[in-house]
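Chains as they are written, first to last, in this note's numbering: chain A, 1 to 128; chain B, 129 to 595.
It is worth saying that the hints were derived from the structure and are not from the lab. There may be inaccurate statements among the hints.
[Said to hold, decoys possible] Here are the computed distance ranges between Cβ atoms for each label pair: (1) B/W161 / A/G24: 22 to 30 Å; (2) B/G199 / A/L126: 40 to 48 Å; (3) A/G63 / B/A142: 49 to 57 Å; (4) B/R435 / A/V32: 25 to 33 Å; (5) B/D473 / A/Q50: 44 to 52 Å; (6) A/G78 / B/L463: 21 to 29 Å; (7) A/W115 / B/L469: 53 to 61 Å; (8) A/P72 / B/V191: 43 to 51 Å; (9) B/P219 / A/D25: 24 to 32 Å; (10) B/G199 / A/G63: 24 to 32 Å; (11) B/G194 / A/R57: 22 to 30 Å; (12) A/G63 / B/W479: 51 to 59 Å; (13) A/A28 / B/E550: 36 to 44 Å.
[As the list claims (entries may be wrong)] Computed footprint of chain A on chain B; a stretch qualifies when at least three of its residues, placed anywhere within it, have a C-beta under 8 Å from a C-beta of chain A: (14) 339-347; (15) 551-559.
[Stated by the list, open to error] With the C-beta cut set under 7 Å, the calculated list includes, among others, these residues of chain B facing chain A: (16) A248; (17) V249; (18) A256; (19) A265; (20) P269; (21) V504; (22) V507; (23) A511.
Treat the numbers as computed from the prediction; the structure is a model and nothing was measured. In this text, a Cβ means the ideal position worked out from N, Cα and C, and glycines have one as well.
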Amino acid sequence: MVVCLVLAAAVGLVYFAKAVDALGDAAAANAVANYDDRELAGGTALGVDQEALVAARGLIPEGETYRLVVGPQATNIGQFTRYFLMPRRTAEDARWVVCYECDLSRFGGELHVLWQSDAGVAVGRLPG
Amino acid sequence: MTGHALAGLAVANAAVVVVGSCLLWGVRGLCSWAEVARLSGLAYMVGVAALGVAFTLELVLGVPFGLATMGITCVVLAAGGLVLGRAFRRPRPRGFGVERRGLALVAVSYVALVGVYLEAVFRAGRLAPLSNFDGWAFWVPKAKAIYFFGGLDEQFFRELANPTYPPLVPALEAAAFHAMGSPDVVTLHVQLWFFLTGFVAAVAGLLAPRVRAPVLWPILLLVLVAPRVVNRSLEPQADFVLDYLLALAALLIALWLVDRGAWQLCCASLFLAGAMLTKREGQLLAACIVVAALAASWRTRRLAWPRLVLAGAAAFVLALPWRIWFQSRDLTGELPSSGFLGLFDHLDRPWPALRSVVGALLDTGLWLFAVPLAVVAIVLAFAGGARILPAYAALVYGLSAAGFVWVLWSFTELELPYDQDEGVNLLARLCGSLVVLSAGLVPLLLDAAWRGSDGPGDGPRTEADGP
Numbered sequence: 001m002v003v004c005l006v007l008a009a010a011v012g013l014v015y016f017a018k019a020v021d022a023l024g025d026a027a028a029a030n031a032v033a034n035y036d037d038r039e040l041a042g043g044t045a046l047g048v049d050q051e052a053l054v055a056a057r058g059l060i061p062e063g064e065t066y067r068l069v070v071g072p073q074a075t076n077i078g079q080f081t082r083y084f085l086m087p088r089r090t091a092e093d094a095r096w097v098v099c100y101e102c103d104l105s106r107f108g109g110e111l112h113v114l115w116q117s118d119a120g121v122a123v124g125r126l127p128g
Numbered sequence: 129m130t131g132h133a134l135a136g137l138a139v140a141n142a143a144v145v146v147v148g149s150c151l152l153w154g155v156r157g158l159c160s161w162a163e164v165a166r167l168s169g170l171a172y173m174v175g176v177a178a179l180g181v182a183f184t185l186e187l188v189l190g191v192p193f194g195l196a197t198m199g200i201t202c203v204v205l206a207a208g209g210l211v212l213g214r215a216f217r218r219p220r221p222r223g224f225g226v227e228r229r230g231l232a233l234v235a236v237s238y239v240a241l242v243g244v245y246l247e248a249v250f251r252a253g254r255l256a257p258l259s260n261f262d263g264w265a266f267w268v269p270k271a272k273a274i275y276f277f278g279g280l281d282e283q284f285f286r287e288l289a290n291p292t293y294p295p296l297v298p299a300l301e302a303a304a305f306h307a308m309g310s311p312d313v314v315t316l317h318v319q320l321w322f323f324l325t326g327f328v329a330a331v332a333g334l335l336a337p338r339v340r341a342p343v344l345w346p347i348l349l350l351v352l353v354a355p356r357v358v359n360r361s362l363e364p365q366a367d368f369v370l371d372y373l374l375a376l377a378a379l380l381i382a383l384w385l386v387d388r389g390a391w392q393l394c395c396a397s398l399f400l401a402g403a404m405l406t407k408r409e410g411q412l413l414a415a416c417i418v419v420a421a422l423a424a425s426w427r428t429r430r431l432a433w434p435r436l437v438l439a440g441a442a443a444f445v446l447a448l449p450w451r452i453w454f455q456s457r458d459l460t461g462e463l464p465s466s467g468f469l470g471l472f473d474h475l476d477r478p479w480p481a482l483r484s485v486v487g488a489l490l491d492t493g494l495w496l497f498a499v500p501l502a503v504v505a506i507v508l509a510f511a512g513g514a515r516i517l518p519a520y521a522a523l524v525y526g527l528s529a530a531g532f533v534w535v536l537w538s539f540t541e542l543e544l545p546y547d548q549d550e551g552v553n554l555l556a557r558l559c560g561s562l563v564v565l566s567a568g569l570v571p572l573l574l575d576a577a578w579r580g581s582d583g584p585g586d587g588p589r590t591e592a593d594g595p
């Protein structure tokens, strides 16, 4: 039993030093980022356009609904957009549109685009 | 903004300690202020479990969730504890006598090491990004939905992944958002730090008077510095909260098997209820713990079994309303798609499933050697002459591992041998419960091996144990 405890104590102390070191590095890395980077970190890993989502959050009022229309290359951003834009709800007939690399011509010129990026992301509102 | 959020969290968690202390005084009694301090971690975790269960029941019943509800719930639970204490004529805590063993040099040294470790975890977590997939995909959105809409918003709970996952952690996170004054998903990591710290303090407080410091603290530190605990314990999801609740339930039942203090079983029942309302596998692991306790208490079954069954049943009853809520709304995904018996159509799966489970439990890159150490501790305790504790521990580990094999076998959509990225690895999450459990059970087993018996109590109750 003594061998067992000595071994546990030795391994524990070695990994304690490693853990404190690694946690210090993590703290330093986290401190460099800004709040948006931290909040959007999950989306960054997916290649989400941070600026577009921040713009959408700024434009769409909290009580409104929106629809996310995605192009064929951006199919996996729905979950992250839903998380980031809460408490705004999604609805198929919403006036607010977040067009993520989609074809804007599908709205027949009715979409009033309020923000657009070079990367093909647009935020706009339909009449009605 | 972060300073305000941190202050809010500190106040809220102090309130949880007060609620838990009142409940603990009610069911157990606290003789001195030194004892109050020693058991403050346990009191905190009792408060977390009690509030988590209460919030979940309120959400299921449609009570609007907000600061007022949180405050009233805290007052009602604290008052309930005080009424219980008066009813059982618990004496007020008196004096500040410091417990001699708590001041041993080894204990002081390790308390300092654990303190340094927790400070480092805090610094890393305070500004941590929300990058974990499950965290932003459904755990935190559920918490945000409760925060913004004051309840279980059906649209969000239907649209988000895993709609049948219980809402205890999202409810506690929503409460943290209210305490912070905003849905601050960055500072939210600090709330998980409070859970980790509370768990460590709870295990240390429970075992300090019975397990020698050179046995208790190295094992506790070994579990804390396991790479997965270091890297993932502050991720805002339910895995580690489940592990803490189950570990405390299993530890209290182990102590009850030796001491037979009613308060231990009451608290264990509350932790089991909390675990069942934290994640689906909480039900499986809670059942393993109760069955293991039933088997280990075979020789005293006439006295022990009704109490154990009552404790398990009480926990299940508290978890039942959530099941009724999601089943009444046709939310699915709780059980294997092939049903309970469908696993017999896949007899090629148990062997690779077993190999995957053993491999995950022995993965030193994630857990160091916490589980092998538990096996050695069980053998040593048996060899030393103890019977109840090693039998109970062997059954908890064995039944849980068998349960993990069943999960891999019956959820046929999981490819075997199971080898997923650690960040989304179901098996690593499941195994975490047995590793965290080792922080409490292994010191107890090694102490039993040292003593050559199950423990100092070996049956008789102390005055503080209550009825």
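**Message:** Tell me the numbers of any earlier hints that the structure contravenes, in ascending order.
**Reply:** Going through the list in order, the structure violates hints 1, 3, 4, 9, 13, 15, 22, 23 and respects the others.
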